[in-house]
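**Q** The primary structure of each chain is shown beneath.
2 protein chains.
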Amino acid sequence: MSEMCAIRRTRLREQCNAAGHAAAIVSRPANVRYLAGATPHGAVLLLGRTEDLLVCTGPRDVHPAEDRPDDTLRLHVLAGPGDPAVAAADLAGAQGADSLAVEEHHLTVARHRAIRSVVPRLRLTDLAASVEQLRVVKDEEEISCLRIGAEITDQALGELLESILVGRTERHLALELERRLVDHGADGPAFTTSVATGPNAGRRGHRPTDRRVEEGDFLSVCLGAAYRGYRCEIGRTFVIGTSPADWQIELYDLVFAAQRAGREALTPGAACRDVDRAARQVLGSGGHSEGLPPATGHGVGLEIDEDPQLAPAAMGKLDACVPVTVEPGVHLPGRGGVRIDDTLVVRPEADGGPELLTITTKELLAL
Amino acid sequence: MSEMCAIRRTRLREQCNAAGHAAAIVSRPANVRYLAGATPHGAVLLLGRTEDLLVCTGPRDVHPAEDRPDDTLRLHVLAGPGDPAVAAADLAGAQGADSLAVEEHHLTVARHRAIRSVVPRLRLTDLAASVEQLRVVKDEEEISCLRIGAEITDQALGELLESILVGRTERHLALELERRLVDHGADGPAFTTSVATGPNAGRRGHRPTDRRVEEGDFLSVCLGAAYRGYRCEIGRTFVIGTSPADWQIELYDLVFAAQRAGREALTPGAACRDVDRAARQVLGSGGHSEGLPPATGHGVGLEIDEDPQLAPAAMGKLDACVPVTVEPGVHLPGRGGVRIDDTLVVRPEADGGPELLTITTKELLAL
Chain A
1 MSEMCAIRRT RLREQCNAAG HAAAIVSRPA NVRYLAGATP HGAVLLLGRT EDLLVCTGPR
61 DVHPAEDRPD DTLRLHVLAG PGDPAVAAAD LAGAQGADSL AVEEHHLTVA RHRAIRSVVP
121 RLRLTDLAAS VEQLRVVKDE EEISCLRIGA EITDQALGEL LESILVGRTE RHLALELERR
181 LVDHGADGPA FTTSVATGPN AGRRGHRPTD RRVEEGDFLS VCLGAAYRGY RCEIGRTFVI
241 GTSPADWQIE LYDLVFAAQR AGREALTPGA ACRDVDRAAR QVLGSGGHSE GLPPATGHGV
301 GLEIDEDPQL APAAMGKLDA CVPVTVEPGV HLPGRGGVRI DDTLVVRPEA DGGPELLTIT
361 TKELLAL
Chain G
1001 MSEMCAIRRT RLREQCNAAG HAAAIVSRPA NVRYLAGATP HGAVLLLGRT EDLLVCTGPR
1061 DVHPAEDRPD DTLRLHVLAG PGDPAVAAAD LAGAQGADSL AVEEHHLTVA RHRAIRSVVP
1121 RLRLTDLAAS VEQLRVVKDE EEISCLRIGA EITDQALGEL LESILVGRTE RHLALELERR
1181 LVDHGADGPA FTTSVATGPN AGRRGHRPTD RRVEEGDFLS VCLGAAYRGY RCEIGRTFVI
1241 GTSPADWQIE LYDLVFAAQR AGREALTPGA ACRDVDRAAR QVLGSGGHSE GLPPATGHGV
1301 GLEIDEDPQL APAAMGKLDA CVPVTVEPGV HLPGRGGVRI DDTLVVRPEA DGGPELLTIT
1361 TKELLAL
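Top to bottom, those sequences are chains A and G. Mapping the first sequence onto the working numbering, position 209 (from 1) lands on 209, and the numbers just tick up by one. Add 1000 to the 1-based position in the second sequence for the working numbering, that's all there is to it.
Calculated directly from the structure, the hints in this document are not laboratory data. We treat Cβ as the ideally placed atom computed from N, Cα and C, and that holds for glycine. Any given hint could turn out to be false.
[Said to hold, decoys possible] So the derived label-pair ranges between C-beta atoms look like this:
1) G:A1245 - A:E363: 51 to 61 Å
2) A:H105 - G:G1216: 45 to 55 Å
3) G:D1098 - A:A320: 49 to 59 Å
4) G:S1117 - A:R11: 30 to 40 Å
5) G:D1098 - A:G82: 46 to 56 Å
6) A:G205 - G:G1185: 16 to 26 Å
7) G:G1096 - A:S289: 36 to 46 Å
8) A:P81 - G:S1163: 35 to 45 Å
9) A:Q133 - G:L1365: 49 to 59 Å
10) A:A128 - G:G1216: 49 to 59 Å
11) A:N17 - G:S1117: 22 to 32 Å
12) A:W247 - G:T1072: 49 to 59 Å
Can you make the complete structure from the sequences, with help from the hints?
**A** So, in structure tokens, the structure goes:
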């Protein structure tokens, strides 16, 4: 891990040098973790002219176990309270840098001003999304973390499906899933688990309520494990009771077909918008072109929603070794709906095509 | 609630007018919720020249139940993807404002630039922490939410103490506590529940690990319920086994005395730093002046850590109806430690002095 972090910093340094930045401060937590192997609370990474430093407010904030900073990187602990980004800027100046790139999409206006005031002679520039771009294509160690996270997620979901669901609330089912994720070795849930029943089913990002599962409901769940910081996602929709209604079968088949079309469009070199269009067209052909979510998928990694976006206006193409979700859905207000969501890794045809990480069945189960 | 939100917006508007801001955009989520009664994901509040608007990206992001925006406030939903803050700035311009205050401590440099580019003729000013300052003193409805949250928290903790603890991991105990919070009616945990055993005990913000509870351990827990958005906090330390060791009793008594001193110093008009000093001096008198946390307490409300800070360098005085935590602790590296944490509301002597919301016993229990 240490070695990987050092390689990543070298890549970033090359980009900075090419762009004319003498030094850079990385403040966005997932970016700090990517480059330093750990994110003590509030820590920033100084990519310095003479030395890289992980600047943080106190050793008590450094967590044990996996979340240990890379040993090739020196920790600089502030003596008192203070903003590590401001301290890092001061250190960059002391190392003789004349310009300093910062993450303008993460730093607030107030912090940026505080940095400027401590190093008035440094030219402040924008690092923009350089680190996010480095993070898009994953190495096999990262994919392996996602794969383990997906296994944990499948296990947690599988166990839930074996239990009695009718009469239990969305909130309880969500908590139960999160407990099972941790039971199976997750750091924790990758995001707030969503369980949606009846008229709530199929709503993207639905927050669990006290509604209880009833016979005849659609039940949609969306969950994922975080494992060593890497976050995956699965979404499935089930029917409660012995026999789904015709409209439920029709809607399910349509979303399933859309999701399959999206999955099949995942190839290295495919335009992100074309993957989105593949899924969206199927939904449109079923008369559901209105009220669709803005994206039908997105990258995952150290954050649950990262580049690339699979959306109508998305630019760019997919590369191999990019993990993404494919998650079309339809929600009919007042009636409920269906979402089906997988995490997959883009792989070339020669390697067997997209690698499905979340393998729970996508048949319409009646529970 | 609607009425309260309208009153709060009127107060903010008066401040804005006095400061010469024609309009303001509130983007920090807890501030939006305070003024609008809800925080649809990414929504911002425009305090406009002619009308206030809650600007958000999609109706699907509006959550049901309590989290419903105030009916005196019109919802402005963007047609496509986009930054609600940028859209709100555009609307402020259309309403004829010539200046616009924004939360520079919340908006990123990049978003601020995007706002500037859409309304180049508007003078952008800093709203600073105006809303946070309004939020410090709570009304009785807010305190009632905190009180219910504290009751839920006490119940969850009380139930855990009745169960067998030895052999269970920190992670499991933390999850169990969070489940019980929800069982008793919490929206969810107010923050990540901390359970720390043995050498981890007493570490502030310790993230639960797979370490199991052992005989002779200190066990410290810190948890809290969020109830209708309001977040409280309790921390307790216990001993596992029949008889605590002498060093454990001594350390416990010291932290208990420090925490009591802090609680007793909570009066309207007391300087925040004096409350901190009251607790800190006791710890110092016991030989623990090094390695102490930067603050011994903080405000709570819509966020778990808000103004005021009870810290050596804190400015300002306490007012009545300000809920704060008092949470001194000592951690001895390699051995463990003690933290005791309550949520209280500052009240005048005539009303009986500080109101203790978290009433779980602070005797040293041997479990």
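**Q** State for each hint whether it applies.
**A** Hints, one by one, checked against the model:
1. The hint said 51 to 61 Å for the Cβ distance between G:A1245 and A:E363, and at roughly 58 Å that hint holds.
2. At roughly 50 Å, the beta-carbon separation of A:H105 and G:G1216 lies within the given 45 to 55 Å, and the hint holds.
3. The hint said 49 to 59 Å for the Cβ distance between G:D1098 and A:A320, and at roughly 53 Å that hint holds.
4. Between G:S1117 and A:R11 the beta carbons are some 31 Å apart, a value that agrees with the proposed interval 30 to 40 Å.
5. Range check, G:D1098 to A:G82: Cβ separation about 37 Å, and the 46 to 56 Å hint is violated.
6. Range check, A:G205 to G:G1185: Cβ separation about 23 Å, and the 16 to 26 Å hint holds.
7. Between G:G1096 and A:S289 the CB atoms are about 38 Å apart, so this pair conforms to the stated range of 36 to 46 Å.
8. For the pair A:P81 and G:S1163, the beta carbons lie near 38 Å from each other, so the given range of 35 to 45 Å is met.
9. Separated by about 53 Å at the C-beta atoms, A:Q133 and G:L1365 satisfy the suggested range of 49 to 59 Å.
10. For A:A128 paired with G:G1216, a C-beta distance near 53 Å keeps the hint of 49 to 59 Å intact.
11. One distance hint, 22 to 32 Å for the beta-carbon pair A:N17 and G:S1117, holds here, with the actual separation near 29 Å.
12. A hinted range of 49 to 59 Å is violated for the C-beta pair A:W247 and G:T1072, which are about 39 Å apart.
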